[in-house]
Amino acid sequence: MSFKYRVSGLIVMIVVLAAALPVLAQDATDEPMSELPDMVVVEHTGLTPEGIEWDSVNGRFLLSSLVEGTIFEVADDGTITPFIEDENFLATVGIEVDEANNRLLVTNSDPAAMGGAAGQASLGIYDLTSGELIHWVDLDEVSPNAPVFFANDVAVDDEGNAYITNSLSPLIYKVDIDGNASIFIEDDRLGAEGFGLNGIAFHPDGYLIVANTGAGALLKIPVDNPEMMEQVVIEQSIGGDGMVFDDNWDLVVVDNPTMTVLRLQSEDDWVSAIVTATSPDHPATTAALRDGEIYVIYAHFEGMDGSVEVNEYEIVHAEFQDAM
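In the working numbering, the protein residues as written are 39 to 362.
What you were told as hints is all true, and nothing was included just to trick you.
Have a look at the derived ranges for each label pair, beta carbon to beta carbon:
1. G232 to P260: 26 to 34 Å
2. D115 to D196: 32 to 40 Å
3. D306 to E265: 17 to 25 Å
4. G217 to D196: 14 to 22 Å
5. P318 to N140: 32 to 40 Å
6. A138 to D288: 20 to 28 Å
Hints were generated in silico from the structure; no laboratory data involved. Quantities reported herein were computed from a predicted structural model and do not represent experimental measurements. Every residue, glycine too, gets a C-beta built ideally from N, C-alpha and C.
Please take these sequences and the hints and turn them into a complete structure.
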């Protein structure tokens, strides 16, 4: 083909593309991106939601309930709807969306354990879209010698294994993708006076970060060799509750004693970490990641025993300020 024809063809292509650009621009603006809410107010008396997750597959927040046990879905306008109602539920605590396997994992416990009863620990695994039960796992059966049972938080690794903290005994459970339970690690270093293990998160490099609230520490535990557990070196005590890795694999932790949400960063694969940003004044329990942003849930524990009536619960967008 001659140079003249190539130039002519190029001119025709440019003209066609130029004519199409306004149409493409119009199509791109036909559906503007919706702004994320600063706060979602949920009206539901006595809910006491300990756990929160953002379900990006179905576009909704999911909440647990220490009082009702039901798992609820919440829209951005605050509309709350029961999603999973299981007769096995006593108090639902931690929840984890496993998008890779289209599952929702829910820890179930007996609040009476906080008053000295033996309690119980179980894990419900459900279809993320339909809410249909896939597995119900009694964790008590794999740790009969544990003095007290309280299943708190749950994390899932890249093979679908779930890891569940027991806040009142020094152990972490493991449940494989087929619903088979075992003790992942039982170690006195996981214990604390009063309330111990709490939030848990999985890092794709093959380890868990676990909060020991009573000890004010974070622990790094390799999933392939849990005996190599070590405490993350941090300059301050952190009474961690719920936590989540953000899009940069920084760790966002709800620090109960200070009512502050912390963002931690590590440069050495979580041998040590520093607090890089804070979001203060949050009486929150745990956090969820939505479109790169952090949302926390206010559980209002003052309404749990019925002495104070709480009618509204807040899902709040956490805005961070530099801590360095």
